[in-house]
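> What follows is each chain in one-letter form.
Protein chains: 4
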Amino acid sequence: MKNQIETQNEKPMNEISLDYVGITNFKTLLVITRDGKTFHLTPVIEATINLPAEMKGIHMSRICESIVEIINDERNAHHSVEELSLQVLKKIKEKHPFSHAHLSLNFDFFYETKTPVTKKKTFEVTNVTVETWVKDGSEDQIAISIEYIGNTVCPHAMENNPEKRTHVQRALGKLTAKGTLDQMPSFESMASVLKKSFPAETFAILKTTDEQFVIDRMHENPMFVEDVCRNILARSKESFSDKKLDLAAIVKSFESIHKHDVIAKGSTTTYNKN
Amino acid sequence: MKNQIETQNEKPMNEISLDYVGITNFKTLLVITRDGKTFHLTPVIEATINLPAEMKGIHMSRICESIVEIINDERNAHHSVEELSLQVLKKIKEKHPFSHAHLSLNFDFFYETKTPVTKKKTFEVTNVTVETWVKDGSEDQIAISIEYIGNTVCPHAMENNPEKRTHVQRALGKLTAKGTLDQMPSFESMASVLKKSFPAETFAILKTTDEQFVIDRMHENPMFVEDVCRNILARSKESFSDKKLDLAAIVKSFESIHKHDVIAKGSTTTYNKN
Amino acid sequence: MKNQIETQNEKPMNEISLDYVGITNFKTLLVITRDGKTFHLTPVIEATINLPAEMKGIHMSRICESIVEIINDERNAHHSVEELSLQVLKKIKEKHPFSHAHLSLNFDFFYETKTPVTKKKTFEVTNVTVETWVKDGSEDQIAISIEYIGNTVCPHAMENNPEKRTHVQRALGKLTAKGTLDQMPSFESMASVLKKSFPAETFAILKTTDEQFVIDRMHENPMFVEDVCRNILARSKESFSDKKLDLAAIVKSFESIHKHDVIAKGSTTTYNKN
Amino acid sequence: MKNQIETQNEKPMNEISLDYVGITNFKTLLVITRDGKTFHLTPVIEATINLPAEMKGIHMSRICESIVEIINDERNAHHSVEELSLQVLKKIKEKHPFSHAHLSLNFDFFYETKTPVTKKKTFEVTNVTVETWVKDGSEDQIAISIEYIGNTVCPHAMENNPEKRTHVQRALGKLTAKGTLDQMPSFESMASVLKKSFPAETFAILKTTDEQFVIDRMHENPMFVEDVCRNILARSKESFSDKKLDLAAIVKSFESIHKHDVIAKGSTTTYNKN
Numbered sequence: 003m004k005n006q007i008e009t010q011n012e013k014p015m016n017e018i019s020l021d022y023v024g025i026t027n028f029k030t031l032l033v034i035t036r037d038g039k040t041f042h043l044t045p046v047i048e049a050t051i052n053l054p055a056e057m058k059g060i061h062m063s064r065i066c067e068s069i070v071e072i073i074n075d076e077r078n079a080h081h082s083v084e085e086l087s088l089q090v091l092k093k094i095k096e097k098h099p100f101s102h103a104h105l106s107l108n109f110d111f112f113y114e115t116k117t118p119v120t121k122k123k124t125f126e127v128t129n130v131t132v133e134t135w136v137k138d139g140s141e142d143q144i145a146i147s148i149e150y151i152g153n154t155v156c157p158h159a160m161e162n163n164p165e166k167r168t169h170v171q172r173a174l175g176k177l178t179a180k181g182t183l184d185q186m187p188s189f190e191s192m193a194s195v196l197k198k199s200f201p202a203e204t205f206a207i208l209k210t211t212d213e214q215f216v217i218d219r220m221h222e223n224p225m226f227v228e229d230v231c232r233n234i235l236a237r238s239k240e241s242f243s244d245k246k247l248d249l250a251a252i253v254k255s256f257e258s259i260h261k262h263d264v265i266a267k268g269s270t271t272t273y274n275k276n
Numbered sequence: 003m004k005n006q007i008e009t010q011n012e013k014p015m016n017e018i019s020l021d022y023v024g025i026t027n028f029k030t031l032l033v034i035t036r037d038g039k040t041f042h043l044t045p046v047i048e049a050t051i052n053l054p055a056e057m058k059g060i061h062m063s064r065i066c067e068s069i070v071e072i073i074n075d076e077r078n079a080h081h082s083v084e085e086l087s088l089q090v091l092k093k094i095k096e097k098h099p100f101s102h103a104h105l106s107l108n109f110d111f112f113y114e115t116k117t118p119v120t121k122k123k124t125f126e127v128t129n130v131t132v133e134t135w136v137k138d139g140s141e142d143q144i145a146i147s148i149e150y151i152g153n154t155v156c157p158h159a160m161e162n163n164p165e166k167r168t169h170v171q172r173a174l175g176k177l178t179a180k181g182t183l184d185q186m187p188s189f190e191s192m193a194s195v196l197k198k199s200f201p202a203e204t205f206a207i208l209k210t211t212d213e214q215f216v217i218d219r220m221h222e223n224p225m226f227v228e229d230v231c232r233n234i235l236a237r238s239k240e241s242f243s244d245k246k247l248d249l250a251a252i253v254k255s256f257e258s259i260h261k262h263d264v265i266a267k268g269s270t271t272t273y274n275k276n
Numbered sequence: 003m004k005n006q007i008e009t010q011n012e013k014p015m016n017e018i019s020l021d022y023v024g025i026t027n028f029k030t031l032l033v034i035t036r037d038g039k040t041f042h043l044t045p046v047i048e049a050t051i052n053l054p055a056e057m058k059g060i061h062m063s064r065i066c067e068s069i070v071e072i073i074n075d076e077r078n079a080h081h082s083v084e085e086l087s088l089q090v091l092k093k094i095k096e097k098h099p100f101s102h103a104h105l106s107l108n109f110d111f112f113y114e115t116k117t118p119v120t121k122k123k124t125f126e127v128t129n130v131t132v133e134t135w136v137k138d139g140s141e142d143q144i145a146i147s148i149e150y151i152g153n154t155v156c157p158h159a160m161e162n163n164p165e166k167r168t169h170v171q172r173a174l175g176k177l178t179a180k181g182t183l184d185q186m187p188s189f190e191s192m193a194s195v196l197k198k199s200f201p202a203e204t205f206a207i208l209k210t211t212d213e214q215f216v217i218d219r220m221h222e223n224p225m226f227v228e229d230v231c232r233n234i235l236a237r238s239k240e241s242f243s244d245k246k247l248d249l250a251a252i253v254k255s256f257e258s259i260h261k262h263d264v265i266a267k268g269s270t271t272t273y274n275k276n
Numbered sequence: 003m004k005n006q007i008e009t010q011n012e013k014p015m016n017e018i019s020l021d022y023v024g025i026t027n028f029k030t031l032l033v034i035t036r037d038g039k040t041f042h043l044t045p046v047i048e049a050t051i052n053l054p055a056e057m058k059g060i061h062m063s064r065i066c067e068s069i070v071e072i073i074n075d076e077r078n079a080h081h082s083v084e085e086l087s088l089q090v091l092k093k094i095k096e097k098h099p100f101s102h103a104h105l106s107l108n109f110d111f112f113y114e115t116k117t118p119v120t121k122k123k124t125f126e127v128t129n130v131t132v133e134t135w136v137k138d139g140s141e142d143q144i145a146i147s148i149e150y151i152g153n154t155v156c157p158h159a160m161e162n163n164p165e166k167r168t169h170v171q172r173a174l175g176k177l178t179a180k181g182t183l184d185q186m187p188s189f190e191s192m193a194s195v196l197k198k199s200f201p202a203e204t205f206a207i208l209k210t211t212d213e214q215f216v217i218d219r220m221h222e223n224p225m226f227v228e229d230v231c232r233n234i235l236a237r238s239k240e241s242f243s244d245k246k247l248d249l250a251a252i253v254k255s256f257e258s259i260h261k262h263d264v265i266a267k268g269s270t271t272t273y274n275k276n
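Quick mapping for you: the protein sequence lines, in order, are chains A, B, C and D. Take any residue in the first sequence, count from 1 to its spot, add 2: that is its number in this note's numbering. Take any residue in the second sequence, count from 1 to its spot, add 2: that is its number in this note's numbering. Take any residue in the third sequence, count from 1 to its spot, add 2: that is its number in this note's numbering. Take any residue in the fourth sequence, count from 1 to its spot, add 2: that is its number in this note's numbering.
If we strip away everything but chain A, and leave its shape as in the complex, we get (with noise of 0.2 Å):
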């Protein structure tokens, strides 16, 4: 191997720029640090540059290195995903030119809660996307997405109910806020926009008391769809009143009486619009 031909660097037979060359559905080991507590995630990574139409291709395992060498170096103590996907993305440039790259971790992300009478502790789940966008000439831009298992509760089959019965069913939230790194809230403020827009919160123990007032929370606050996407529209926005951010909203609930789901979609351009 004294010669080492670097095919990449040849001549394309097609000479196109593409947008995103690189990893995806890489997965690997993460420790955050954060106001005393630590976190341990498994994302799934997808990690992309541009490729000038002159090159073959681009040197993935300089990819692959940059990710190990950032992320799972334990000397260096990471606050925040945000942060450290720029430290990411500033190493990959350093090993490998780019005018522009994307980066995108998707993990499980657990926090602590008491179940709503009795009391008891448990951990609830949300998932969460971090994608970061650099660009030579332009600010970094993030987008953090964290989805959330909440429900519906038909207002309208409640409405024409003489007993007020209903069809209640799972749905899951999705908010997404894009911005840049000063700008982007926390992982649990934004569960805490999601949670607070259902009927209802989800918990992983549930004892009886505890059951009765999920029921009865959700029999007082029926919703559709379109009412828990605007939900988390208008509590977002207001939560995050200070940054200029782009909210995102999509939920879809997985309806008991069909076998199809139904879903809502919006956004903050269009909430301005009106």
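It is worth saying that the hints were derived from the structure and are not from the lab. What you were told as hints is all true, and nothing was included just to trick you.
When chains are identical, the list treats them as one kind, so a pair holds in a single copy or across two.
Once the Cα atoms are required to be at most 20 Å apart in a straight line, the calculated DMTMM-like pairs of lysine to aspartate or glutamate come out as:
hint	residue 1	residue 2
1	Lys166	Glu222
2	Lys123	Asp75
3	Lys29	Glu203
4	Lys29	Asp110
5	Lys166	Glu8
None of these values were measured; they are calculated from a predicted model.
Using the hints provided, position chains B, C and D relative to the given structure of chain A.
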């Protein structure tokens, strides 16, 4: 390619016989004509045969050829997936010796129905798996599994609530019937057992009066996953009582008050024990 | 139910307009007759419309009814999924006012072909998504995406290896063409672009001589994901040159030497920049 | 809620005993300390117990409580997932009578290694499932399953090709070892059996010289899925020869020349027959 080498027939390094070797995740088209109706299915297929200890490998292409020759032969009218399965395995045996083999086809199956009050036409989907095992010296065995999307309505929460409020959610029920070719019930009769075993049927379309009908059925028949699972076992045993089938049921409920699911599994083997 | 309450028409708590509200993961049957051939498809459908700020919800059942009335009407011969999509959206508009709407159908599409040397008949599968956007005052937009399972063959490893050994793996290519109804290429022509853009075609059946043909093609045309992605863009631009389509390509390679995947994404917007 | 009704204890409509009733898809955090190393895992859990014919339902919340009390107790150091599993089942038994029960934990497990030539540090992932069955009057049974992403290299194509060209692809191997607590091999020793059973190991990072090393190993050790499956069985039998374990292996190959996969399944039960 005059002297083609049959590597598959060589001695393997480790002379260990293998139970099932073949292809999986194979997609094709399938037409069934039965009782004057034509069903176009797009099954995902797994087809495997045993491999004796002294052979290095099986001839994979002969498995694929057998499937294409039987399934995609337009001159050959198929009247049931079960009969066709036995034909495929017979064709494989002609092309490739084996002492036992297994074939599995998984597909969505649609049936026409009407909504309960407004009598609107809808098409409803169930997922079907047909498995066939053939073995030298044994009778051929067939298993049909049908999955139906229904719901559960918590009777415990309802009984404890002064206003009879409860939590409701989507649930998935699966019935498996195993026996010989002449014992096999139709997909429709198995789907019928499933849909009657839930608190209420689910529909692709529900106008307000239909929706009220479904919601009232739900609340009049509150059921745990355990209740639905036992209903499936009891109803299928009764419906197919003239047949000596092995019956198994699994019900999973996508809880609206939790982020996790609940599950109940049973079979007539257990049932008979009582 | 004399005085049915239309909860959907009430004022919502948060007067925010939503972009897309409707149903998703809706499965049904679809028959297309084109050029004397009949295609039976089982699409998974998402159908959404905008929701004005002053309305609490959309009337979901009208969306489902529109799909069933158009798609499942046997008297109504459909000649393309694209035309049918526009008919569905027109029917929704008759039943439910909107200012913009989106429809998506995803399904497996099969085509007959022959193996390269032994000329055996096989059926090959591609996954197709047809999306349609209609908006008051704008021309209808359609996007067709075709996914094809091919392969990559690392040219860098091959060039550096004295015996021209390299690593090979399955890869998934996706071509999306977006334009107006009259500009849309056929599924077959898009699938053709895809299969010619990989080192070699893939087949459901390959006898030994066919397999050797495919392997030789692979090694004579080693390609990175970047090469395949550019081939798709260049070939589709050339093949559909009389049409002013937006073209985008994604190629993902399931690396045989890594546990992660590699990915390349590009579009003609970028292409034109060069 | 003074007189809470225990609906679960009522007589069911159908007095059929059920095999397994409980929770599934339950996500939580888990810390294992072993040999001075700490492992942070995020398992997906299924926990089920039998339901006697005369009881309407199980008390689901007691299952969840038992998991949280054992797994999330920070004062309680856990030294293996297997030991912890038995503790969880013991805790469930304290809270809820049963005659048999099953617990399953599925999680990604990471281990540090070095690339073969340049000796770069990488973290590699395997997927682990630990299952435990307890039954009155029987010894506790444990099964550990490890999944490893490797590759296959077709020896048939290579032997028939004058230039020794062949097709290569990603493959997934799974080894399951079932026995009693004292017989269980470590995850690392099982992963080691798996990675040595493939043509070559896979790595998160490979510099050009590492890549050449891996490619040469692949081509020097061409293997069918059948070969890999037999290697796993033979190597695990040899590695864990002092233990009387039931061993089973499944290998699936994501063919680069086909759109479908190929599969081989075997077990020591079959092995011993030869």
